[in-house]
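Model the full structure from these sequences, guided by the hints.
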Amino acid sequence: MRFRTQALFVLPTLVAMVTATQATSQGPKPSAELAWAIRYDPKTFDPAKVDEQVSETVRFLTGGVLLRLNPQTQEPQPELAESWTSSADGRVISFRLRSGLRFSDGTSLTSQDVAWSLRRILDPATDAPTAEEFVAPQKVTVETPDPRTVVVRLPLRILGIGKVFDEIAIEPAGRASQGRVTSGLFCIANYKRGQFVQLKANPNYWKRDATGVQLPYASGIRLEVVGNREQEIARFQRGAYDLIDGLPPEYYSLLAQKSPGTARDLGPSLNSEQMWFNQSPAAPLPDFEKAWFQNRTFRVAISQSIHRADLARIAYDGHATPAYGFISPANTLWYNTHLQVPHEDTAAAVRLLSSAGFHKSGDHLYDTAGHPVKFSIVTNSGNSARQKMATLIQQDLAALGIDVTVVTLDFPALIERLMHSMDYEACLLGLSNVEPDPNAMINVWHSASPNHQWNPSEKTPATPWEAQIDKDMDLQASSVRMQDRRRAVDDVQQIVADQQPFIYLVYPNALYAVSPQLIGVQPTVFQPGIVWNVASLRLQGGKR
Amino acid sequence: MRSRVTVGLLGFLIAAAVLVTALSGRNYATQDRDSPMAGASRMHWTGTDDLGRDRTIRMAVALLIGVAGAVAASAVSVSLAAGIGTAAAFSPRPVGGALMLLSDIFLALPWLFLLMIVRSALPLTISPMRSAAVTFFILAALGWPACARAVYRGALDLRCSEWMNQGRAAGLSSAQLIRGLLPHLRPLLVPQFLLCIPAFLVAEANMGALGLGIAEPLPSWGGMLMELDNSAMLARSGWVYFPIALLVGLLLLLESLVHEV
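First to last, the sequence lines map onto chains W and Z.
Per my numbering, residue 1 is the first one in the first sequence, and the count goes up by one each step.
Per my numbering, residue 1 is the first one in the second sequence, and the count goes up by one each step.
Don't take every hint at face value.
Taking lysine to any residue pairs in the SDA-like style, the calculated list, with each CA pair at most 25 Å apart, reads [to be verified]:
# : chain 1 : residue 1 : chain 2 : residue 2
1 : W       : K388      : Z       : L124
2 : W       : K374      : Z       : E227
3 : W       : K388      : W       : K471
4 : W       : K290      : W       : K258
5 : W       : K258      : Z       : L124
6 : W       : K374      : Z       : V118
Part of the chain W face toward chain Z, derived, beta carbon under 10 Å [unchecked claim]:
#  : residue
7  : K43
8  : H371
9  : F375
10 : G382
11 : A390
12 : H420
13 : D423
Keep in mind that the hints were calculated from the coordinates and are not lab data.
As the structure is a computational prediction, the values presented were derived from the model and not from experiment.
Ideal placement from N, C-alpha and C gives every residue a C-beta, glycine not left out.
Structural data, given as structure tokens:
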């Protein structure tokens, strides 16, 4: 889970123009090569050091892994390991490698290479982000009883081995190659900074399709660095790119009109857009304002008077789904279908506010002490959907007699207010959920976390319900049985719906576009998106 | 002759904007949520924007705010420049030099970033009307140096002119001298004033396009320009061009007005 920073810096036209001139124009491409755009240059090609989206895409396309998480089932599938076993306490995992595995340069892949790659990840000197998943990486041992067996001994059970081992690319022992020699689908053939990353198919990839044809079907992939969405879409329309993942909603109808059948809407994504009030006691706000924001009734009334369907229809051109909780309905495994949420009803919100001592006089709402109720909503500049939502909410809350000002700030100024000075009243932002497992959101829900946005870094939970969320989140992190985890997560969803610390607005829909020539697409809203089955994607009229 | 036509056109635009604002009985902030991005109709003469707000009334209000703000900012800026420029010209050389150095430093400042910093340091609950006032005030405060340089040059020439020497020899006080000076500076100040107006309009539009200008729901040229950011919007709604065409027309009119003067 991370703030969507990439999208935020898109606006300044100058920057966009600079990137536009840097990118090369695409010549005629071989029919069996796939091509699409990446937003920026990958920070690293070292699979151990990946910590952002584009590098992750490259690792996904090039790295050979022991297990691969199937995004559709969320179950681990055998990859380089043909089978694996886990001890009853989950602390000993042993992998059995496929026979005859070879790297892209032809050398054979043995358990020695696997052990070397795992140890490299675990070594503190590598500083691999994945090492954190092992809790105590220095206490993990890796053994190789024979050339096809690898045994990993863990000090503590880890959640979701499918996800962890999906992030560890197996490289030739002692010859870390920055993706040039791989055991995965592709390997890096060429890279020009600011222009493109060229991948070619690994001729020794282990997998074949049902008819015995070597996978991947595509002879290579060209990832072009294009920071400008306009340009990406124009090139897609010309046929230079085969797909666009994460299509902005305002371009959907344009594509649907100009190139019918290419744009698709997958329904709600895992991401959410939400608004919250600053409940921090350290905030430099008047005490009566803090009292409003810390008052559950006030928050629920606000939530009840926001017309989410209008937000989805107007701000997202219909390509968003009204949201009431932190887990999107797309996340079928964890979505609480019995969630009780405050229904949208402005009249009920008015009654609720008057029961809490607020009263309306003329067009304005006043609190018990006679202070007019007004506050500002901050959001980042350059995101038109958020600005529109804030302006729509402004009018929705005017019906309650609340005077809202909408303030757009550049992202650094916004973060300064959210994380350090705490000088804001309400904020509207989105969160990108990369993983469906709610454990990834523990840094948002745990009251001691600096990312616990409405009241960061609490020494002790400020309210009983926050204490309960802490308890539930710890429970789901430590439980082994799925139903215990699910019960804890359902409980957190209900508490959040009751207390509205985050007022969820919409889940933006997952939009993508694929060229009519591309066959084999099985879209999913889960990472790595529509290219998850890239091995079996091919272009109609291709060489194979 | 031409200047009369341009003044007439400008006056007509402003009068039309006032009439539309006063007589249409609509509000620039009212959202007609059932018809966002609608085309021209009897209800909405030039269609609605992406939140279903009437474009005619928003353009009219934006014109009034923009012109009023730019004129006020231009007046403030030119007065500042006149004060500082003449003061620098008539004070001893080192003081004058220091004042001009100050204006040079002001010119060299990365003012866009300065604006962004000042804008983000403002209290968040400031009302949209006040934020518009602050925006134009900041523009005025940053717009004087170039003009001050011109005034300084002009005043320096006048300082050594014959009538000035004669006045000085006749024993006129400096207050009397300056009173005599102002009519001579007028041919310099009026074009400066008129040139600043379009400059400030464009500056506000730039800030608005960066999301730092006049706050929602107040309409502004900048906010409307922001819609031009993506081609999808343009393809769907040709009328988005209209306010921009109006803006460009207005700027050209002012430009030609300056040439006449």
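Verification of the supplied hints:
| no. | hint | verdict |
| --- | --- | --- |
| 1 | K388/W / L124/Z | holds (18 Å) |
| 2 | K374/W / E227/Z | violated (28 Å) |
| 3 | K388/W / K471/W | violated (37 Å) |
| 4 | K290/W / K258/W | violated (51 Å) |
| 5 | K258/W / L124/Z | violated (42 Å) |
| 6 | K374/W / V118/Z | holds (23 Å) |
| 7 | K43 | violated (26 Å) |
| 8 | H371 | violated (12 Å) |
| 9 | F375 | holds (7 Å) |
| 10 | G382 | holds (6 Å) |
| 11 | A390 | holds (7 Å) |
| 12 | H420 | violated (13 Å) |
| 13 | D423 | holds (8 Å) |
Of the hints listed earlier, those the structure fails to meet are numbers 2, 3, 4, 5, 7, 8 and 12, in rising order.
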